[in-house]
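Asks: Residue numbers (our numbering), protein chains in the order written: chain A, 1 to 100; chain B, 1 to 203; chain C, 1 to 330; chain D, 1 to 186.
In short, the hints are calculated from the structure, not lab data. The hints are all genuine.
With a straight-line cut-off of 27 Å between C-alpha atoms, the simulated BS3-like cross-links for lysine-lysine are:
1. A/Lys85 with D/Lys25
2. B/Lys49 with C/Lys198
3. B/Lys41 with C/Lys311
4. D/Lys183 with A/Lys26
5. D/Lys25 with A/Lys26
6. B/Lys41 with C/Lys198
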Amino acid sequence: MITLTHYLVLAALLFCIALVGIMRRKNLLMLFFATEIALNAVNIAFAAISKYYGDLTGQLFAFFIIAVAASEVAVGLGLLIIWYKRRGNIDLDSLQSMKG
Amino acid sequence: MSGLEQFKDRNVSQNYYKVQIEPYPKTGWEKFKRVLKRSIKLELFVGLKITLMEMLRFNIHTVQYPKEKLPIGPRYRAVHRLLRLLESGTERCIGCGLCEKICISNCIRIDTKVDEHGRKVPTEYTINFGRCIFCGYCAEVCPELAIVHGPDYENASEQRAHFALKEDMLTPLDKLKQQQEYPGFGAPTPVADQRIKKTPLAY
Amino acid sequence: MDAAFVIATIIKILIVLGIFSALAGFGTYVERKVLAFMQRRLGPMHVGPYGLLQVLADGIKLFTKEDFIPQGAVRPIFMIAPVITAATAFIAMAAIPMFPEFTIGGYTVKPIISDINVGLLFVLGVMGAGLYGPLLAGMASQNKWSILGAARTAIQFLSYEVVTGLSVLAPVMIVGSLSLIDFNNYQAGGVSDWLVWKQPIAFILFLIAGFAETNRTPFDLLEHEAEVISGYATEYSGMRWGMFFIGEYANMFTLGFLASLIFLGGFNDLWFIPGAIAILMKVFFIFFFFLWTRASWPHVRPDQLMWLCWKVLMPLAVINVVITGIVMMF
Amino acid sequence: MVEAIAFYLFAFLTVAMFTITVMSKNALYAMSALAAGMIFISAFFFLLDADFLGVVQIIVYSGAVMAVYAFGMMFLDTTKDVKEKNPSKKIVFFLSGMVALLLVLIVLSPIVSDKVQALYPISHDIGNAEAVGIVLFTKYLVPFEVAAIMLLVAMIAGIILASKRMDESITLKIDQEIERSKKEQQ
Numbered sequence: 001m002i003t004l005t006h007y008l009v010l011a012a013l014l015f016c017i018a019l020v021g022i023m024r025r026k027n028l029l030m031l032f033f034a035t036e037i038a039l040n041a042v043n044i045a046f047a048a049i050s051k052y053y054g055d056l057t058g059q060l061f062a063f064f065i066i067a068v069a070a071s072e073v074a075v076g077l078g079l080l081i082i083w084y085k086r087r088g089n090i091d092l093d094s095l096q097s098m099k100g
Numbered sequence: 001m002s003g004l005e006q007f008k009d010r011n012v013s014q015n016y017y018k019v020q021i022e023p024y025p026k027t028g029w030e031k032f033k034r035v036l037k038r039s040i041k042l043e044l045f046v047g048l049k050i051t052l053m054e055m056l057r058f059n060i061h062t063v064q065y066p067k068e069k070l071p072i073g074p075r076y077r078a079v080h081r082l083l084r085l086l087e088s089g090t091e092r093c094i095g096c097g098l099c100e101k102i103c104i105s106n107c108i109r110i111d112t113k114v115d116e117h118g119r120k121v122p123t124e125y126t127i128n129f130g131r132c133i134f135c136g137y138c139a140e141v142c143p144e145l146a147i148v149h150g151p152d153y154e155n156a157s158e159q160r161a162h163f164a165l166k167e168d169m170l171t172p173l174d175k176l177k178q179q180q181e182y183p184g185f186g187a188p189t190p191v192a193d194q195r196i197k198k199t200p201l202a203y
Numbered sequence: 001m002d003a004a005f006v007i008a009t010i011i012k013i014l015i016v017l018g019i020f021s022a023l024a025g026f027g028t029y030v031e032r033k034v035l036a037f038m039q040r041r042l043g044p045m046h047v048g049p050y051g052l053l054q055v056l057a058d059g060i061k062l063f064t065k066e067d068f069i070p071q072g073a074v075r076p077i078f079m080i081a082p083v084i085t086a087a088t089a090f091i092a093m094a095a096i097p098m099f100p101e102f103t104i105g106g107y108t109v110k111p112i113i114s115d116i117n118v119g120l121l122f123v124l125g126v127m128g129a130g131l132y133g134p135l136l137a138g139m140a141s142q143n144k145w146s147i148l149g150a151a152r153t154a155i156q157f158l159s160y161e162v163v164t165g166l167s168v169l170a171p172v173m174i175v176g177s178l179s180l181i182d183f184n185n186y187q188a189g190g191v192s193d194w195l196v197w198k199q200p201i202a203f204i205l206f207l208i209a210g211f212a213e214t215n216r217t218p219f220d221l222l223e224h225e226a227e228v229i230s231g232y233a234t235e236y237s238g239m240r241w242g243m244f245f246i247g248e249y250a251n252m253f254t255l256g257f258l259a260s261l262i263f264l265g266g267f268n269d270l271w272f273i274p275g276a277i278a279i280l281m282k283v284f285f286i287f288f289f290f291l292w293t294r295a296s297w298p299h300v301r302p303d304q305l306m307w308l309c310w311k312v313l314m315p316l317a318v319i320n321v322v323i324t325g326i327v328m329m330f
Numbered sequence: 001m002v003e004a005i006a007f008y009l010f011a012f013l014t015v016a017m018f019t020i021t022v023m024s025k026n027a028l029y030a031m032s033a034l035a036a037g038m039i040f041i042s043a044f045f046f047l048l049d050a051d052f053l054g055v056v057q058i059i060v061y062s063g064a065v066m067a068v069y070a071f072g073m074m075f076l077d078t079t080k081d082v083k084e085k086n087p088s089k090k091i092v093f094f095l096s097g098m099v100a101l102l103l104v105l106i107v108l109s110p111i112v113s114d115k116v117q118a119l120y121p122i123s124h125d126i127g128n129a130e131a132v133g134i135v136l137f138t139k140y141l142v143p144f145e146v147a148a149i150m151l152l153v154a155m156i157a158g159i160i161l162a163s164k165r166m167d168e169s170i171t172l173k174i175d176q177e178i179e180r181s182k183k184e185q186q
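Same shape as in the complex, but just chain A (with noise of 0.2 Å):
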């Protein structure tokens, strides 16, 4: 039998897999994909949750993070889109351009 339990365990081992690809890349768009995988683990556990509770709530609260999820991605790359033009890479490295 699938306990919730289940579920928020794999959540939150796909969770730390997502953050040990935030830590580890340097790459602009691959830092982006580490941060969708963040984003998915939630979902699972929303809906995991909205399941074990009878309670709709966590299936749309992973709506709106689709839909979050969805304009960062617009945005995020058309940032990407301007720096690569810029700079001609997209190192996380060469962002550092502000600091003194």
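With chain A held as given, fit chains B, C and D onto it using these hints.
Replies: Quick look at chains B, C and D alone, frame taken from chain A:
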């Protein structure tokens, strides 16, 4: 072969007609008018109608090539032929090497020797058909009308070297009777005599 | 979850896979013949009677051809990309009711592999996920033409998915369900009940977007020979290339079934024609329409494609949805 | 039984795919593994009776978001390895601490959850899509509108950001510009 006569008529220019091209719309209003005209006349569906009518009419023009063939022009430039003299059957080529010299893709090779009658004959005559562009210069330059372009255009083979050796091109002795005089490219036309103007000896 | 259900599902899956793979091959033959007739040609004539065995010859050729992988390519992705195209095309068929229910030996067969209540969205979503085939193929090929094809895949499929979704939204509002069986039952009352009369704009938009999503001719910019050699499929050979085409033809049939189920009355009886034959006729008419336009209409440029999608089709779709909503409110 | 098998299968698949995404040096592997993982996650939603959410996951995430990322990936050479930074010890300790905390919270959650009341209970008479719609357009109408406005803002922002100086070529730079960008980088 009947029904293919219409393809022989290559003089198509009499059926040309000029397409009237409308001036390209510049302002937005003109563009809008064009869109309106096109959509009300449903130009896209006119195209669909034409193709559908063609399909229903079933007016097929395919020539199923290996089974039926279109006639080729009498002076078509296909694989070369080396001709023989009709009476004696000896080779016409005198090994002068003009074709070798004029060949623009540099694909003809001749090796000659002087035979027992004191006559120069080619021992080797090869054309590299990987390089030959069938321009016809060799046939045009040949003073003895020995090399001509034959009508055989179906030259598929396992090897590139086929058709290219002297034995392949030369008329076999037993087929000497069937060798038509000057059939192909490089020979004078049948009415050449009437066309030739005598060169005056003194100006 | 009894054993009979599992066995029936497996049999249905096998039948769908077998029939549609074969139909994809036969589709190429029909396409070549129809195009040839429209262009005053004969098409394939040599292999078998009227060239019927040409399909077989092509199949043998594809299977025995060398499976070539370029040196610089990303091997696993390159190898898996055609499978994605074929697989998504067949997965999309899982939620499509192909025929009316019938009974064999006392066992009622539902000719749908999985009746989920969001069937329509599922089909559209999986067909949308099919864009990964050309996309990954183009990006993994290490070829400039391929990457151009992949970029075109991304913009074209992404843009037209919006139009497909919005155009289907208005019929969904009228029927009030996302299940394709409900769509079919809504139009049970004969030709006058067909949704195409209530939603003509949605039907036209859906068809146009369908052309773009199945990569058919007025919009087949992914592999427009004159511009990008063969687009994403430039480096492919043999059966991997063949799988792209099985996927493309399967998608054409999926779209045919979708359009006939949503707009053209589905598998309801048509006058005296039984429902199963009626839907087959509709699907084959749409398939024929695909070929017909291919013979008649020219390609569009990529910028015209984007212009058409975002400045013409999408506003039309949105206006259509709004008007449908207003009409339904009163 | 079937549910357990499906859960473990898809759990394994998603974890494997996301691990590839995070660990792979090749951007193309990362992208395709992420897309596959997104689709596998929709399987969990189907398992959890959230059909509509599952389909939205396939359409929005795999269909749109990942395709846009793939479009962004055309800037990278997909066959080249991606450079990475090495995280410091502190971050690793922090991460493991976070994991421990999360696990404690997860194990504690059933104790807390006994007191939770369902605010918008799932009714099984109507389908998932209808149920979601009813709650979304009554109780959550304002957040829904706000989300719509946010998407609109994001769309406009994306268009403006990406189309700025679109007429300038990024591959065919004139020499002065190349010199200038070299100086900037120094």
